[in-house]
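**Student:** Each protein sequence line maps, in turn, to chains U and L.
Residue 334 in our numbering sits at position 231 of the first sequence, with consecutive numbering throughout.
Residue 850 in our numbering sits at position 8 of the second sequence, with consecutive numbering throughout.
Among the clues, some could well be false.
The calculated DSSO-like cross-link candidates involving lysine-lysine, where the alpha carbons are at most 30 Å apart (straight line), are [said to hold, decoys possible]:
{"id": "1", "chain 1": "U", "residue 1": "434", "chain 2": "U", "residue 2": "168"}
{"id": "2", "chain 1": "U", "residue 1": "168", "chain 2": "L", "residue 2": "904"}
{"id": "3", "chain 1": "L", "residue 1": "1006", "chain 2": "U", "residue 2": "168"}
{"id": "4", "chain 1": "U", "residue 1": "433", "chain 2": "U", "residue 2": "648"}
{"id": "5", "chain 1": "L", "residue 1": "975", "chain 2": "L", "residue 2": "904"}
{"id": "6", "chain 1": "U", "residue 1": "711", "chain 2": "U", "residue 2": "653"}
{"id": "7", "chain 1": "U", "residue 1": "653", "chain 2": "L", "residue 2": "904"}
{"id": "8", "chain 1": "L", "residue 1": "1006", "chain 2": "L", "residue 2": "975"}
{"id": "9", "chain 1": "U", "residue 1": "653", "chain 2": "U", "residue 2": "434"}
Since the hints were derived computationally from the structure, they do not count as laboratory data.
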Amino acid sequence: MIRQSLSTALMRVVLLTTAAAVLVAGLAMLTRDLVVIRQSWAADMTNEASVLALATGPALAFDDKRVAQQFLDALSARRSILMAAVYDNDGRLYAAYRASRANQPPARAPGLERTTIHGSRVELVQPIVRGSDVLGTMYLIAQYDIVGRIYAYLGIFGFVMVLSLAVAYVFSRRLQRGIMEPLNSISTVARQLVERRDYSLRVKASSSQEFGFVVDALNNMLREVQSASHAQEEAMRSLQEEVATRKTAESALAQADRRKDEFLATLAHELRNPLAPIRQAIRILERGNAGPERSQWARQVIERQVARMALMLDDLLEVSRITRGALELKKDLVTLDALTNAAIETARPMIDAKRQSLSVHLPARAVSLRVDPLRLSQSISNLLTNASKYTNPEGSIILTVQISPQAVEISVQDNGIGLEAAVIPTLFQMFSQVDAAIDRTEGGLGIGLALVKGFVELHGGTVQAHSEGLGKGSEFVIQLPATVVVEMPTVTAPETREVTMPGTSPRKVLVADDNRDAADSLAALLEMGGITVSIAHSGREAFEKIIAEKPAVAILDIGMADMTGYEIARRVRSAGGNPIYLLAVTGWGQADDVARAKEAGFDEHFTKPVDPDRIEALIRAKVSVGQS
Amino acid sequence: MLFAAAALSSTVIRSQGNYAEGAVKAAYLYRFTQYVEWPAAPSASFTIAVMDEPDVAEELGKLLPAHLIHELPARVRAIRSIAEVGDAAVLYIGHADDQRVRAAIAAVSQRPILIVTDNPSGLSLGSTINFTKIDNHLRFEISVSSAQRSHMRVSSELLNVAAKVEAKRTP
């Protein structure tokens, strides 16, 4: 089906209606006219006949054919009359007139009075009467021009039809403009809607009331659809965002989970690794025939492997604290030198083992920082260890500390294997290792950098990694806020650094453990480091010695039979006036253990096995720098 | 009555051929009354007086009883002297000499009587309608002035079929 334009259809309807109306009216008029005209013809003929009868009556009465003929001949002026005849009283033809196209009149009178109409032909028979006397008969035949009349009508109709159609056309055009303009604007908008789905379109307002309603309704509907589709799009977008977020979270979770699994596997492996050499070293020692050199070597093996395990476990505990948000910094004043030295000492063995060079650049002036000395030095040493690990033997490592008014910047640079840009963002995540293979050979749990990040962030700082690519070396930078810096008096001699703490014996450390070996071995280690150590093998003895000897630091085992470390600490703290630094050493490293130790009055909490080096470093930090 | 009139007409109307002249004259006299108006209608009956021509009186005697004239019963009266004319509305004076005709007309000329004559100089003698013969046909001539004198009006239809009409009074 051809989709017709509404305006064409409308125009067609108007014109057809007009034409039909004119046609019907015309036909009605023609019909009526034909009926009426025939009646009027009949009346006309009757009148004609009556006049003729009157006129010819005396002629018949007084037998004057000439006069009768005169009257009949006068009919030649009447074109419609074909024939007229007068018959005398006996029915004989008396006088007649006929047009040239007509037949001869009958010789005898055609009968009684009548009027007949056949189409356009009228026949009339009428008696000629004077008073009560019948004088004769009049016979008339007339032929009217009905075809001409119909033609005339058709001409008039044609003219009227053309005129009507013209008028209808003009009015229809004007009407259409009123109807079609709003309709057109509606249909234009509707078409654009279908094509573009742009619900912000609006139909132009219309002056016509009905269309005005339609337009308003359509516009309102569009508004609704628009806001609905907006809301839908909004909902869809937020849904997509949510899905995306969830997917990211899910994949992050999955990745974290995978990393955890990998980490656990690594952990088990790493923890098992030292066990084999330890077991073998013990076997060697057990055999009586091992020479002193071999025994010495075996002990060193055990020492190294235990240290390694202890380090790993310490790290693990710290990681656990960081992830649980349970780590609390123990801020203290520490010189930058002491901090970096502690870190370098820790990393030195590995750097030396790989024959790498380490250069250190520190600010010229002496600077003290209010930080957690242990955690920050561990952060620096982790970076150094990391640099060493990913740098080939005989490579170089540079440790630089710069202090600006804005920040303290600690940078560790190497010329090692470098980093791919892609891995930099994941470097500081927990359990991440850039290259598992390297890590395996070098050992480690892959949590070193995560620890750095955790520690630094607890200090309000940041840590970042830079590398120009694989093989181009890398640089790790710790930035701490400038607020951690505490300016020291410019004149500081090395002697004045070892300030004695008031009320404590300088360099005096008490080690208390009812495990005699543990106490003695730790004491021996510390003494070898030049620290004066006093030993207690029970809780009570420890408490008495603290009171009597006033050591600067006391390292107390918690689980002593006669008096627990907690109790000693409480008693010491409650006695007051004693600024002793209390270190708790336990086999339990859980958060509540730490909290309990703090509550009892301990300054620091160590989990067994204690790394003697760390304790020594701590003691040095405590004892060498006074808390003024 | 129409049938009777038709039958009668068919016997009397012909002025030519085999019909008796008296019968034609009688019929004409009757028909003249239909084309003439009198100043006042007669009271009881309409009388046609016939002087000096008994044939015509006889024919009228057959004709008139079947007809009304001006809605009055019609009668014929045959007279021998003008004195007998009485209340007649029509006076027909038959074949008489000029002298007798003139005297008769003079006797009634001022009365509303239609005077019909059959005399070659009838109109000049003062008659209103005068029979004449043309091509052996019975025709008639009319004097309008005589009709006026007698206070009568002759219909133009009648004038139309008259052989001759004299409009002015003859000197």
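**Student:** Need the status of pair residue 434 of chain U, residue 168 of chain U: alpha-carbon distance at most 30 Å?
**Tutor:** Between residue 434 of chain U and residue 168 of chain U the Cα gap is close to 166 Å, so the pair fails against 30 Å, i.e. violated.
**Student:** Would the hint linking residue 433 of chain U and residue 648 of chain U be met if the CA-CA limit is 30 Å?
**Tutor:** 26 Å, holds
**Student:** With a cut-off of 30 Å on the C-alpha distance, tell me whether residue 975 of chain L and residue 904 of chain L pass.
**Tutor:** 24 Å, holds
**Student:** Residue 711 of chain U and residue 653 of chain U were given as a pair; does the straight-line alpha-carbon distance stay at or below 30 Å?
**Tutor:** 25 Å, holds
**Student:** Does the structure keep residue 1006 of chain L and residue 168 of chain U at a Cα separation of 30 Å or less?
**Tutor:** Satisfied, since the Cα-Cα distance of roughly 16 Å is no more than 30 Å.
**Student:** Hint check: residue 1006 of chain L vs residue 975 of chain L, CA-CA at most 30 Å. Holds or violated?
**Tutor:** 12 Å, holds
**Student:** Are the Cα positions of residue 168 of chain U and residue 904 of chain L separated by 30 Å at most?
**Tutor:** Distance of about 27 Å is within 30 Å: holds.
**Student:** Just to be careful, I want the Cα atoms of residue 653 of chain U and residue 904 of chain L compared with a cutoff of 30 Å; is the pair within it?
**Tutor:** 200 Å, violated
**Student:** Quick one, are residue 653 of chain U and residue 434 of chain U close enough, alpha carbons at most 30 Å?
**Tutor:** With Cα atoms ~24 Å apart, residue 653 of chain U and residue 434 of chain U stay inside 30 Å; holds.
When the structure is compared with the earlier hints, violations turn up for hints 1 and 7 and for no others.
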